[in-house]
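Peer 1: Using the hints, put the two standalone chains together into the complex.
Chains A and B, in that order, are what the protein sequence lines are.
According to the working numbering, the first sequence holds residues 1 to 905 in order.
According to the working numbering, the second sequence holds residues 1001 to 1109 in order.
If you are wondering where the hints come from, they were derived from the structure by calculation, not from laboratory data.
Using N, Cα and C, we set each Cβ at its ideal position, and we do this for glycine too.
Do not rely on the hints blindly, as some may be mistaken.
As the list claims (entries may be wrong) - Far from chain A, some chain B residues (derived; all Cβ distances over 12 Å):
#1 1017
#2 1026
#3 1035
#4 1055
#5 1091
#6 1097
#7 1100
#8 1102
#9 1105
#10 1106
Claimed, not checked - Rough simulated footprint, nothing fancy, chain B against chain A, three-plus residues with beta-carbon under 8 Å:
#11 25-35
#12 44-57
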Amino acid sequence: MGQLLRRLRMLFHRGRFNAELEEEMRLHLELREQKNLDAGLAVDAAHREAHRSFGNATVIREKSYSTWGWLESFVQDVTYGVRSMLRSPGLTAVALLSLALGIGANTAIFSFLDVLLLRSLPVRNPSQLVVLGEGGELGQTDRYGSTDLYSYPFYRQFQQKQQVFSDVATLFSYNPDIHGTIDRRDQMQPISADLVSGTFFSTLGVEPALGRLFTDADDNTEGNHPVVVISYNWWQTVFSGDPGILNHTVKLGDTTFNIVGVAPPGFFGIFVGHAPDLWAPMSMMSAMPLHFRGYKDNFSQSNLILARLKPGISREQAEANTNVLYQQIVRGFPDANLNAYNLRHLDEAHVSLTSLKTGLSALRHRFSDPLKILMGITALVLLIACVNIANLLLARSTTRVREFAVRQALGAQRLRLIRQLLTESLVLAIAGGLAGIVIAIVADRFLLRMISGGPDVDLIPLDVSLDLRLLLFTLAATIGTAVLFGIIPALRASRIEVTEALKDGRGSSNTVTRSPLGKVLVVAQVSISLVLTVAAVLFLRSLVNLTKVDTGFNRQGVLRLDIDASVTGLKSEDPRLLAMFQQIEKKVSALPGVQSASIASFFFAQGTWNGNINVPGATYDDHVYVRHNVIDNDYFRTMQIPLLAGRTFGTQDSTTSHRVAIISESVARDLFPASVNPIGRHYFLGKDPNPERDVEVIGLVKDVKFSGLNEPQQFIDYIPNSQHPWGYDGLAVRYTGDFNTIATTVQQTIHSINRTLPITHVTTLDAIVERSITNQRLVAELSAFFGLLAVFLSAIGIYGLMSYIVSRRTNEIGIRMALGAARSSVRWMVMREIARLVVLGIVIGTAISLAAGRLVATMLYGLKPTEPNNLALATATLLVVALVAGYLPARRASRVSPMEALRYE
Amino acid sequence: MKPNEIPPGTLNLLILKTLGRYGEMHGYEVAESILHASDDVLAVEEGSLYPALQRMLLKGWVSAEWGVTVGNRRARYYRLTAAGRKQLAQELSQFDRIYGAIARVVEVG
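Just chain B, with the same shape it has in the complex (with noise of 0.2 Å):
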């Protein structure tokens, strides 16, 4: 893993907890968002965004619709449906048991 890349298989969690928190946003939001909150520290090769994007729209977990932007620019705002609401818990219990786990076994040392 090269140094502030992202475990694999986290993006998901991640663009599902902004939208959970946001409400809804374009994905250069969605991207902004995860950078700050992380203090830059998570970097995201930004267009793998929208691959993610795309796949969670076919399984169902978000919805997209085209709106404007503060700048007056169309984009396409994404929110989460009430299965990626289930998703995003899921995955959340998943994180939170393994870095558990993790944690637990890094402070015994």
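Chain A with its partners taken away, still in its complex shape (with noise of 0.2 Å):
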């Protein structure tokens, strides 16, 4: 502790330490010489002889200094290194920006990799948890075999048969938008709900920040248990933080639900990117708007289920349990259905056990492989900045010969230069870390903006803010860079042969000028931008593609949004609903500057409802799914999606009248009977010919994209609305005009019908489209930008090592243009140095490229990686940029006037 302090002092008072120990060792060999004087020495022998038996006073003094450690050293060679780079403010500026972009970019792509791929949940002992199966399937089915997906029925058994695990806990796997209200307010409010287990936060480990969380017995009896958990987040910002929280309540639909506590800060649940308002036990199920069927339903089969390992018992043992369970408990049910079909699908079915330790995310399985991607990019981004700042850093060692140089010969250790010269990179990298954590929190902010799908939509709930782990990840790349970009430099530029260095004027060093190292780094910049390069054009003409993709409908003068008719209280298939919704319809269709309105369940990239159908006369295939829309009258009308053969729904499509359904071409040429005309066959919805589910064609439409530009082609039939209700409904109006006028006017004649129905999402059907290639578009941008870096910092690295061998060459260039060469050869001679560089980097670079391009070929619509005319483009390119980076100092090197060459040293 003594010793720290005495350090620190020392740092403070580094000044008059120097000048003490100077003085101290000036006095010893003043009276050395005085001695020697006396005993009657020459004067200068005297002199010689004092400082003989001193020793070398240099490296004394350096003893002396590193005694007093690292410390000292380290702020010394600091404020060197700052000196030193200030001296040169362009290299300063170029290797600082590209170092901040490099960190910047890497840091903000991690910081996204990180949340959604890394981070643990926030709950006790994370990996203790698993869900059953995969955890990838959302949503509802009645499928025999269902290993993502369970009823709730199933749940209870499970919990009480198993002896693995700890505590087990189930959640409804989908939570669409509803609406409530606060205390009884009047304003209906958008509430993000999930619907829980009573052991959901045991099972988590979570604690209240306030009141209580729920039990088993919060949901072990159906419909009277009106109590919510609400999140800190939705505590502060909708009612302040109020400590009174617990006297507070939600109306959701009918029921008013009671807060009974607060969840911990920073607690989503498992869905990474879903982050809940508040939590409901499974129990009210049926009371909230959407009236949810299943509590009792043992094939209803909508909920994930979660669990934590008992202590000593591994996955394995866990796996075999669950799965005896598994067969036991769903044949077991009186009401199980045991044919041979669902039999075959029981047999089949496997129940593995996921981690949950990083939690569930729709979100990784769409960006995971576009981050990816991006982090490679970026990384080689960085990897150029330091290539280029080595470069940088080497041509001024170079130049720095002499000083390094004239240190060891006055006995400085090699060590400690090279040291020196590490900490001046590590000062350079330091800065451009800073830098760069000030790019990475404003390019989270935008990536953020840019997976959220654009300016005018609510932002994803992640968290991306900068936190330990990120700060360690910019810290490792800083400080790795420091050590790539500084290492080479240093080791040459303290490997000096004393004499030949001061011998030696400013002149031609042979050693020095060929700079072969600097070539490898020009080289290696090369080919590194060419594969980015190559890389950008591959997403870009991707991107060019997917938005020239025929979607079937025309995605131009359609105003979009969803109507939340779920506030209402009423049930889909309520008579009183359907009227509503023609009302709406035929109110908004009135309007001047509207064409015509329909409701329909999915319009572009929403989700989807599959299913089997069974066509007579046809082959069944058990893996063929069919999208089912449920579509209103006007619904191809305002579409503009072409009619080909028979007609579309009318007012004699009724509730009452025989059930039809129309289909697309898709499913007539693959899925019907060849050669029949298929209007006016029947089919069945689903695998069984349950005549209930019998449908009639009337009419076949054109083929178009359902979920997303980059699909196959998708199979599709669409029911009526009358026939099927749907209930809570998107809304698709097609107008000309102005379209903040349009959405304003349909909105207040929605409200002129009910003036409680929410109205959300309201946008244009061409914003939907476009935000369905968020990725594709946040990977071209993103990589051209890249791209467009590199090629630039290798052209600065071109630049400077030419500019350098130049100034390096001017005595040679002045005697061959005495000697009569023609400015023109002078200038090819450089070039050509250059263009065999560049040529060779470009030849590595393909070959990278090629090798790589696998990696990419999943992620490109329309087109191959290994195309020639992207390489020939990239390849182009980066030519062109390359050798006009060159071309500047050729040109300056054949300006030079012979005489002042010849002059110049």
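Peer 2: So, in structure tokens, the structure goes:
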């Protein structure tokens, strides 16, 4: 402790320390000299003898410093480093900027990778948590052998019978947007509510911030536990952290729920990127606005089951026990339909246990590949930046050869010089790292905005703020870069033939002029740049292909909005609800500037309702799914999807008339018997020939894209809303004129019919289509940006190296020109050098690009990674930029006046 | 080992012992004293005293204060601290043990 204090004191009084040591040593030498004189030596002999017996003063000084340890010499190196950086501000600015961009981009991308893929759930011991199945399927299914989604009765039996988990919990797998009111207020407010079992919080091992969380008793009988736990964030934002929160209520549908507790801060459940406002017990599912059924239905499978492993039980043991119980419970349900078909599916079913350590996320599936690619790209950019700085430092260290030679001759240790150069690199890297953090903070916001789908959309609740792990990552990246770009110049600079370097003027030391290391670095830069340019070209072309995809409908001139009719408390099949929607369509269609309006369950990229169909006369295939869309009469007119044959739905298709459907051309072509007119034929929705699910084909329409622009052709059929009421619907309005005016009048019209109806997601169909390619756009734009940055950095590298070589060869050039060499031949001499390096870099880069193409093949649309024109385009871009960067120094070389050049040194 | 060079690690002992005997001294005096006491046999590279003194300052074995020499020059005077005295005792006993052992081995022959 005393030592550290003394070290620090020394640090702050360094100036005095130096002066005192000098004075002490001078006194010593003078006294010794005096004594030698007294002993009868001549003046100069006395002086010499005193210095001889004293030893090397530089070494002694350095040893005295180093006694005070790393802290002292580090601070000394840092000050020296900062000073030498300021001496060449241009170089320092370029180095800092490229480092800041490189480190900033890496940190930003990593923060998304971290939050989506790496970060553990903020719950107790998350590595013990598992989810039954893969956790990838959300929604509802009545399929036998479902291993991701389970019914609530299954969960209850499993909870009682299992012996391998300390806790088991369940939650409803999907959570549509709903609206509710707070404290009997009038205002409808969007609320994100999750349905969970009473054991949900205890299984995850979280403690309430206030009040209580659920217990198993909260969902053991249906319908009589109107309680909710709210999230900490909702408490803070909606209730301003009111300490009397437990006296407040929330009304959802017809039911008033008491707030019984607040979840701890940062807790969001198990879905990364989905942060519910509140949690309600499963027992209240039918009281929710959407009237979920299935609390007692053995085959209404819509729940995820999660569990905590008992200590000492391995995942394999738990999986074995789970699978035994799975078969036993499903087959044991009294209403189980164990026909051969269902039994086959059950036999094939195997429940795997998936770790829930990092939670579940739909975003993960969507964004992990793009993010990994971007991480790779930004890492390469950082690498180029490092190479660039190494090159610049190398050039500078060659001009500092004499400085180091002098210092070594005076007794400075080589290790000390290396350490000093590395510290200089570190200072540069840390300054770049700090700027990088600022860039990362800005870039994170930008990325979150892009991932969320544009400027007019609510942000996805992802916490990408800087945390310790991220700062550690940045620190590692920074130190890594410092070592990477600093070590080679440092080793080079300190390995000097002292006498050689001192003899040398500024002239033409051969080893230095040839600078093979600098050339290797430029070749490396060019090849990495080529790889990045090829990537940028691929992703940009892929994006262009996507934007040119024919959607099958006319995406222009359509207003889209969602109406949450669940607040009326009416069930979807209620005639009053059907009438209300018909009235909305009628009144909106009559508005000036509106051509037509229609509700539908799906328009584009909004989820799906899939099922098998059974077409008599055609073979049934279990794996072929048809996307069902529930629509109203004016749907095709509004979307401008051409009718190919038959008719569209009309008023004659009512609740009581016989059931009808319209099919897409792919369904007719591939799923109906060949060469038969499908109009007028019947098929069954579902596998079984159940007469209740028989529909007659009355029309045939053109194929359209359903979920995304890059999907293969989908099978789609359309069902009239009157015969299969969907209930809580989206509305599309085809209009001409100003969007904002139409949007306002449409909303006013809807509210004139029912003023409580919440209207959300007001936008255009075109914007929705655009948003569906967010991640392709993200990758394309960012890779283009980084590709350009890489090319720019390489250009700086080439320019730097060439300027350096030219300045070292000024003398030689002067002689050549004095001997009659033409300007053009001098220019060519220099350009040849550059061209050789660039071409070599391009050849290597091409090889790498071709090899790495496979990695991105799945992310491309409508082109192959190996197409030669991509390479050609990238090569041409790079070649032009590189040659321009090299031409400037070459031209300067050719303008050298021979007289001047010869005088030069 | 070159002739007359002191064995490694004993420089501390020499400095501590010298300061212990004479109380307060500046660098040159310490060097002179070591040379003189050893009848000019022990040739210390005189400069190496200073890093050694810095080390002892850091460890807290000696303290330093500026004073004036007989020739009216400013000089830094070093003296042992309590910790320095303890260190001296320790190094002396260590020295005795090692050299005693070596002496016994050599004398047996």
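Peer 1: Take the hints in turn and mark each one as holding or not.
Peer 2: Results for each hint:
1. 1017: With a cut-off of 12 Å, residue 1017(B) remains clear of chain A, as the shortest Cβ separation is near 20 Å.
2. 1026: violated (7 Å)
3. 1035: Answer for residue 1035(B): violated, closest chain A Cβ roughly 10 Å.
4. 1055: violated (5 Å)
5. 1091: Since the minimum Cβ distance to chain A is about 18 Å, residue 1091(B) lies beyond 12 Å and the statement holds.
6. 1097: holds (27 Å)
7. 1100: holds (31 Å)
8. 1102: holds (29 Å)
9. 1105: Non-interface label on residue 1105(B) holds, nearest chain A Cβ at 34 Å vs cutoff 12 Å.
10. 1106: With a cut-off of 12 Å, residue 1106(B) remains clear of chain A, as the shortest Cβ separation is near 31 Å.
11. 25-35: holds (count 5)
12. 44-57: holds (count 5)
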